[in-house]
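Student: Residue numbers (UniProt numbering), protein chains in the order written: chain A, 1 to 658; chain B, 1 to 202.
Since the hints were derived computationally from the structure, they do not count as laboratory data. Being a predicted model, the structure only gives us computed values, none of them experimental. Worth double-checking, as some hints may not be accurate.
The following label-pair restraints were derived from C-beta to C-beta distances [claimed, not checked]:
id, chain 1, residue 1, chain 2, residue 2, range
1, A, Leu53, B, Glu136, 31 to 39 Å
2, A, His308, B, Ala158, 53 to 61 Å
3, A, Gly410, B, Pro114, 41 to 49 Å
4, B, Pro114, A, Gln293, 52 to 60 Å
5, B, Ala158, A, Lys580, 23 to 31 Å
6, B, Glu130, A, Arg388, 14 to 22 Å
7, B, Lys103, A, Leu53, 51 to 59 Å
8, A, Phe367, B, Thr57, 53 to 61 Å
9, A, Glu563, B, Glu130, 24 to 32 Å
10, A, Thr614, B, Glu67, 32 to 40 Å
11, B, Lys31, A, Asn405, 16 to 24 Å
12, A, Asn405, B, Glu115, 25 to 33 Å
13, A, Asp602, B, Lys103, 30 to 38 Å
14, A, Arg388, B, Lys103, 51 to 59 Å
By construction, the Cβ of each residue, glycine as well, lies at the ideal position given by its N, Cα and C atoms.
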Amino acid sequence: MAADSVLKVIFELDGVFIHPGADEGGTDQDLLLSGSLRILEKDAEVLVEYRPLEDSVDPSNMLCAGQDSSSVVEWAQSPRDKSQSHQLLETQQSYETEWDMVNAVSFRKKPCANGEGSLSHSQGRSRWAFSVSVSDLRSITVKDEGWTFLILHLKEPSAPLPALHFHQGGSREFLDSLRRFSLLTESPGDQTCLLVSTPNKVLSQSFENLLDDNNFGLVHRFQRDPYVATLGGLSKVTNYIFDALRGAEEQQQRPPEEVADLLGEVIPGLEINQQEEPGFEVITRIDLGARPQVSRTEPLTADDWSKHLDAEGRLQGVEELRNKIFKGGLCHAVRKEAWKFLLGYFPWSSMSEERKSLQRAKTDEYFRMKLQWKSVSEEQERRNSRLRDYRSLIEKDVNRTDRTNRFYEGLNNPSLTLLHDILMTYCMYDFDLGYVQGMSDLLSPILFVMENEVDAFWCFVAFMDQMHQNFEEQMQGMKTQLLQLSTLLRLLDLAFWNYLESQESGYLYFCFRWLLIRFKRELNFQDVLRLWEVMWTGLPCQNFHLLVCCAILDSEKQKIMEENYGFNEILKHINELSMKLDIEEILQKAEGIFLQIRSCKDLPHSVSTILGFTDCHGSAPTKPGSAAALRPTRQDVCSNGLCRENRPPNSCRAEFTS
Amino acid sequence: MAAKKSTLKVILLGDGGVGKSSLMNRYVTNKFDAHLFHTIGVEFLNKELTVDGCKVTLQIWDTAGQERFRSLRTPFYRGSDCCLLTFSVDDNQSFLNLNNWKKEFIYYADIKEPEKFPFVVLGNKVDVTERQVSLEDARQWCQENGDYPYYETSAKDATNVAVAFEEAVHRVLAMDDKTDYLIPTDTVKLHRKPRSANICCS
Ligand SMILES: Nc1nc2c(ncn2[C@@H]2O[C@H](COP(=O)(O)OP(=O)(O)O)[C@@H](O)[C@H]2O)c(=O)[nH]1
Ligand SMILES: [Mg+2]
C-alpha cells in the first residue's frame, strides 16, 4: 500500500552495453557504451529504463568479459574470426592446468580503433538513455551471438531503440523480472521474437501491494489467478462437506497447510498473466475431445538402424528414424550408437569420418579437463572449498547410485571410478554449476550404455544442456516446470487439479523428483533407458515429459481422490509409486494426451506455448506417424522449452571444425 | 470410545551422507540397505507406536542435505514436534555443521522459543572404527547447546536406533506436559490431547 507514487526498483543490472556505431549502421563497431538497465515501478506503471554510465569511461579502455575463459572472444571481431580465437585459446589452455577457470571471469582489452572516444562526454551519452512503459512494448527480439542482445520494440511506431547487449550476462534475469508484469510469448513465426502483452494493470498493481504486505498465503493464491482461487476455495468447501460425511477422523491439520503456503512462496504460483482470459477453464473443459487410443511398436533393431546408413556412414531418412524411435524405442544393441545422435553429440548429417575426427578432438578436450582436477595437489585443494565440497559430495553419491545394477555393484567396481571421474570432470567443464545431487542419476544410465568414459562424458554434457536449469542456484528450471505442469493439468483435468489445490498441493510439489531427474528414480533401469530415448527424439512436441507426468497422474487420480488423500498422503503416495510404473502404458497414455490436446481447437495460448505448438491450432488430429512435423528445432530449444543462454562454445552441438 | 490417534512429526536433519535415510529405514522397517540411493526431494515414513499404552503415529521426515535444495526443503520444517540433529562420528565436518542445521531449523520452522524446543542429537556410524568425533566432544556440544539428549547410533547394526527415536517421542510428550511451548502450529495440539497421561485410550 505504501507503494503508491513511490519509485520502486524491481530489477537493476549494470554492465549492459549498447553499440551506438553498429546501431546507426556506421562502420565503427568499436564504440560501445556501458550503462545500467532497470525495471521500475512508478505510480502504478512499470517502466524499463536504460541509462548509460554518467562518469565517462574511455571507450578505448573498455573491457569485455566472457562467461569463462574458453569463451573469451574479443567481440568486436566479426563472428567469422571467433573460431580462430577459440583455437588460439585452446592451445593456450593445454599449457594451463589452472582449473578454476570458470570462476575467474577473464577480461580482455578491446583494441582501440578510435582514440577520440567520441561519446566520452555525458551529453553524447544521455541521448542513448531511454525509458519506456512495459505496457507500450510490443515485442522483444532476443538474439545470441556468443552473448545475448535484446531489442525492444514499441507498439507505437517510433525511432528504434538501441539494442541492449548483455556482455556480462543477465538477460534471462531481466526477462524473468519482466515476466512478473507481462506475458512474454514466442512469436509463432519467429523464435527470436517474444511478444509482450500486459495483463490488467489494476490487478497486477494490487497484487504487488499484497506482496508488500508479506501476506504470503493470500498472495500465493491470488497470484495464481483470482478466478481459480475462488474455484479452489469452493472445492475446499465441498471437501469439508465430504469430510463431514466421512466422519472427520482425518481432519486437515494446520502443519501441511503451512508447509504448502511456504512452498507456494518458493514456487511462485501460476501467475495471472499465464492465462489470457478468466473464462479459460470453462472453455477448455468443454472442448477437450476424447483421448485417442495409441499403440506402440517394437524397438528399432540394429538391422533397421544400419539400413538407414549410406556408404559414407551418413544417416538417411532421419525423420522416419526418429519417429520409429519415438514409437518403439531402441534395442539395446543400437543404443550405444543411436544415443550419441539423439543427444546431439553426433550431428545427424555427419559422415562416419567426421564423427571419428570429432571423437578424437573431444577425447583430447576431455582429458585436458580431467587433467585439471587430477593435477590439483592436496595443498591446493585445502585452499579450495568449492572443489573440496564437490569432490566429497560426488564420492558420497557415487556410492549411492544404482548399486544394485550389475554394472555398478560390489566394492571397488571400476564403473564407480568412471562415474566419479566423469562427474569431477564435469565440474571442470562447468565449475559454476559444479556437482548437484541428482546429476549422478542422470549420468549413470548414459555411462551404462556408452561403456566409454569420453563418449559418456560428452553425452552427459549434452543431456545436462537440457537439464541445466533444474540444477541452477535458484532451481528456476524446477519452478518453471512445476508451473507448466500445473497449467497442463488444469487443462486436462480441472476437477483433479481443483482437488489437489484444495489439498494445498496445486503447485504439484510431489512431482519434484520426477522432474529433477526425469523419472530416473521412478522406473526400473531398463525402462529409464526406454523413456529417455523416446524423450530425446524431441517428438511429438516440446516438453513431452510433462505429458508423461500428466499420464501418470491420470492413472493415480482416482485413488488419490477416492481415498481423500491430504497433502502428506499425496506426497507419500507419489513417492511410493517408484518402481511400480509400467513404461509402455505410460508412454501410450502420454501420446494419447498429446493427440487429445493437439486436436483441441481453442487451446489456451499458455498451453500451446508450453508444448511448442507454433502453427495455428485447429488442425485435424495429427496422426502419430506425422508427429515429426511438430518438432521444434532442437538446437534452439531445450526440452523444457527454455533457451539456455551462454551455452559454452565448446558444447558438443558445435559444428565440425575439422 | 475408540483410542485417540495422535501424530508426531519428527524431522531428521544433518549433512548428506551421515545416515539419515538409513536411520529412518532401520527404525521403520528394521532393515539396513547398503545400496540405498541418496535422497532426492523430501520423503517421510510413518511408524505406529504405543507409548504408555497410547497409540501414537510417528511421522519421520527425511530430506536431501545439499545447500542447493534448501528452499525446497525448509518449508517442510513447519509443524515439527521434534528435530533429530544428526552427524556421523567418522566425519568431523558433519559434527561442526550441527550448529548450522540447528539454526536453519529454528529459523524455518519458526520456533518461537528455541530454548524449549526438543532437539535430540544422534552421532551415527558408531560401528566404524576410525572415529573423528569423540564421545566427549559430542556430549559437550549437547550440554552447551541446551542439554540435548545424545545417542550414538548405528543404522548398520541397529545400535541405539529405536532408543533414540523413542527418546524423541518422550521428549515431545513431556513438552506437552509442561504445556504451551509455542510452535506456531498450535492446532495440531487439538487432537494430540495434551497430557501424556491422558492422551490415550478409552
Ligand atoms: N558403517 C555405517 N554406514 C552407514 C550407517 N548409516 C548409513 N551408512 C552408510 O552411509 C552412507 C550414507 O547413508 P544415507 O542414509 O544415505 O545418508 P543421508 O544422506 O544422511 O540420508 C550410505 O552408504 C550408508 O550405507 C551406519 O550406521 N554405519
Ligand atoms: Mg538421505
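Student: Run every hint past the structure and note whether it holds.
Tutor: Each hint, compared with the structure:
no.	hint	in the structure
1	Leu53(A) to Glu136(B): 31 to 39 Å	violated, 59 Å
2	His308(A) to Ala158(B): 53 to 61 Å	holds, 57 Å
3	Gly410(A) to Pro114(B): 41 to 49 Å	holds, 46 Å
4	Pro114(B) to Gln293(A): 52 to 60 Å	holds, 59 Å
5	Ala158(B) to Lys580(A): 23 to 31 Å	holds, 28 Å
6	Glu130(B) to Arg388(A): 14 to 22 Å	holds, 19 Å
7	Lys103(B) to Leu53(A): 51 to 59 Å	violated, 41 Å
8	Phe367(A) to Thr57(B): 53 to 61 Å	holds, 55 Å
9	Glu563(A) to Glu130(B): 24 to 32 Å	violated, 48 Å
10	Thr614(A) to Glu67(B): 32 to 40 Å	holds, 39 Å
11	Lys31(B) to Asn405(A): 16 to 24 Å	holds, 20 Å
12	Asn405(A) to Glu115(B): 25 to 33 Å	violated, 48 Å
13	Asp602(A) to Lys103(B): 30 to 38 Å	violated, 52 Å
14	Arg388(A) to Lys103(B): 51 to 59 Å	violated, 22 Å
Checked against the numbered hints listed earlier, the structure breaks hints 1, 7, 9, 12, 13 and 14; every other hint is satisfied.
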